[in-house]
Amino acid sequence: MDAFWIILTGTLIACSCALVGCFLVLRKMAMVGDAISHAVLPGIVLAYLVSGSRGSLPMLIGAACLGILTTVLIELFYKKAKLQIDASIGITFTWLFAIGVILISVFAEQIDLDQDCVLYGEIAYVPLDLWLTSTGLNLGPQAVWIGGGMLLFILLFIRIGYKGLFITSFNEDFAKALGIGVAFWHYALMGSVSITTVISFESVGAILVVAFLVVPASAAYLLTHDLKKMLLISCAIAVLSALGGYYLAAWINGSIAGAMATVCGLLFLFAWAFSGLKSRKNVKLMINSTR
Amino acid sequence: MQETFDFLSFSDPNVRLVVLGTMILGASSALVGAFAFLRKRALVGDAIAHAILPGVCLSFMISGSKNPFLLILGAFMSGWLGLLLIDAIQRTTKLKSDAAIGIILSVFFGLGILLLTGIQHNGNAAQAGLDKFLFGQAAAMSRLDIYVFAGIGLLLMIVILTFYKAFKLVSFNPDYAKVIGLPVKGLEILLSTLTVLAVAVGIQAVGVVLMAALLITPASGARFWTDKLGLMIFIATVFGAISAFLGSYVSYVAPSMPTGPWVVMFLSIITVASIWFAPKRGLSYRLKTQRANKRKILIENILKVFYHLGEKSEDFEKGRNIEQLMKSRGMREEEWNGGLKRLLRKNLVRRKADRWIITQQGLIEAQRIVRLHRLWEMYLNQRLKLEPDHVHNDAEAIEHIITPELEKQLEKELDHPIRDPHKSKIPYAN
Chain A
0 MDAFWIILTG TLIACSCALV GCFLVLRKMA MVGDAISHAV LPGIVLAYLV SGSRGSLPML
60 IGAACLGILT TVLIELFYKK AKLQIDASIG ITFTWLFAIG VILISVFAEQ IDLDQDCVLY
120 GEIAYVPLDL WLTSTGLNLG PQAVWIGGGM LLFILLFIRI GYKGLFITSF NEDFAKALGI
180 GVAFWHYALM GSVSITTVIS FESVGAILVV AFLVVPASAA YLLTHDLKKM LLISCAIAVL
240 SALGGYYLAA WINGSIAGAM ATVCGLLFLF AWAFSGLKSR KNVKLMINST R
Chain B
0 MQETFDFLSF SDPNVRLVVL GTMILGASSA LVGAFAFLRK RALVGDAIAH AILPGVCLSF
60 MISGSKNPFL LILGAFMSGW LGLLLIDAIQ RTTKLKSDAA IGIILSVFFG LGILLLTGIQ
120 HNGNAAQAGL DKFLFGQAAA MSRLDIYVFA GIGLLLMIVI LTFYKAFKLV SFNPDYAKVI
180 GLPVKGLEIL LSTLTVLAVA VGIQAVGVVL MAALLITPAS GARFWTDKLG LMIFIATVFG
240 AISAFLGSYV SYVAPSMPTG PWVVMFLSII TVASIWFAPK RGLSYRLKTQ RANKRKILIE
300 NILKVFYHLG EKSEDFEKGR NIEQLMKSRG MREEEWNGGL KRLLRKNLVR RKADRWIITQ
360 QGLIEAQRIV RLHRLWEMYL NQRLKLEPDH VHNDAEAIEH IITPELEKQL EKELDHPIRD
420 PHKSKIPYAN
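Chain order of the listed sequences is A and B. Here the first sequence is numbered in numbering that gives the first Met the number 0, starting from 0 and rising by one per residue. Here the second sequence is numbered in numbering that gives the first Met the number 0, starting from 0 and rising by one per residue.
A few of these clues could be false.
Said to hold, decoys possible - Only pairs whose alpha carbons sit at most 25 Å apart, straight line, appear in this in silico DSS-like list of lysine-lysine:
#1 K78/A <-> K279/B
#2 K78/A <-> K295/B
#3 K175/A <-> K279/B
#4 K162/A <-> K93/B
Calculated from the structure, these hints are not laboratory results.
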């Protein structure tokens, strides 16, 4: 039963990340996702300190604020101070992450978050944290409910905002000409990235969130030209990674989140090889047809 | 206080060694990072830092020891592999650099975590301390570690200084470097190798996640102080060393404090302060000049309105109320109010009940702006052969910028024209 809960949690998280990740990859903003996933750390710690518990709502608020702050800081350095974009991203997230780690060390007694957990999460303990109703009814692990809620939220967000996200991702100028709020969709997407990140944070840690955000979406991007198919394929890859990762981790006796990222990478490798073969075939076809 | 004294006196040989080692790491990373920064490959450094982890673990699994040479060798090889894969992904697929970096960074790190936890769970006693690669703990370095890392750091500095001129060319203008016969490919490989090496040793001080900061942040801050490469690199190196020193100080005084995050904290503070305060390029200076220019343009535009109204009614001294003024130029009401108040303070207009009247001094200033505007229109029309209906917008922008020297030259070039292309009179002083 534990295996089922862990895989289910991993799947829910991986799918949510993969879905928002598709838009990040299309907008060439994968590294902004990376930056946000690191920078939410101080938000989580501060929320922890203020609320005194590991409640989800304060953490969500804290992380969402930090996520927005990250994008604002990056824009400030890039657009106002004219610092190149890669350096703006790099400075912002390392600084915020360092602040987070320092806060953890300063308030080590009050905070039950250790540094390792920040990096690679503790999905293995998911089945231990059950949601019991006041009548004693066991509803299964909390993380599954939270992850399910998040996936539902992301699905709704994409369903409702599909048109806006689609147009602003592919052609910003056209979107502007149509009178679509480019800035609105930008911040809406960044907000959902922050929310996804913080919910996934506890289970899979900062860096493996990046794996789920970037890798399935990139692999799917190599396999199709259709956004709807890309969203579907990225989810399929996410599910396979969660499943394969669990058994790989059990075999090696190592971190489940690490194994999930590894499987993700393997699947990307397959997609890469496959798209390479396909494009080679296309080139051959083109050569033949011109003869 | 006692601790501060102990730390600063360097009486403890252990402290001396650790601080010196950390400073060399900070300085050499900053030095190498300056080139990564200039080649816009700052985030590649981040990816390398993550990609190093599986190499460290594999090298430990194969050798069974924590010999720093072997660990660095493993780190070096997987760092390079990551670098090659990033290039390969960008070259062979439609994915851009951001996705390529993100993929390599997260997958290699995931693999590293998997191996690391595998080693830890399988109860090998010798592994204790491998996880310091994650967060870095300078104070936990052994004597041999420090000698090796500091040695590599010094080596990096020497190589950079030896090939300084060639690296400079490759960073700024690789095409030119190729033309004059420099081995550009080889130099790029050398620079990448230095970056991987710097990351492999720097990680000891600050850990995987924050390594990127050690490379990028000092160079970014230094960039705001100077346009000269040599000076910029020097400043970056000093920033790196100072932050390393301060970071080690904090974790000496408060042993529960991690060195790495504090080093990055100081680096970031120095850099953000540079971004904000640096003269000429700094944000505060830039915003200030922007605001000043905006104000100048606003009041000059208002003076022009007075002049145009006066010209039309042939009475410059007549008072105008705010409605009349606003009708002649589309600006927001608060802009009008702010601008008029400023003009009043400068004694360029005066006020009589609800009417505004331009002063003698204001009229001279207004004439100057209108003169510049019309001279420029004339210049565009005569020299660039632009139609009279195409010259207004350009003149509208440049009238605020033309210096008195340029004005004289324009007058001379055009031989003191009397009327502009729209047949309006050009107002000269007397």
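Quick rundown of the hints versus the structure:
{"no.": "1", "hint": "K78/A <-> K279/B", "verdict": "holds, 16 Å"}
{"no.": "2", "hint": "K78/A <-> K295/B", "verdict": "holds, 24 Å"}
{"no.": "3", "hint": "K175/A <-> K279/B", "verdict": "violated, 34 Å"}
{"no.": "4", "hint": "K162/A <-> K93/B", "verdict": "holds, 23 Å"}
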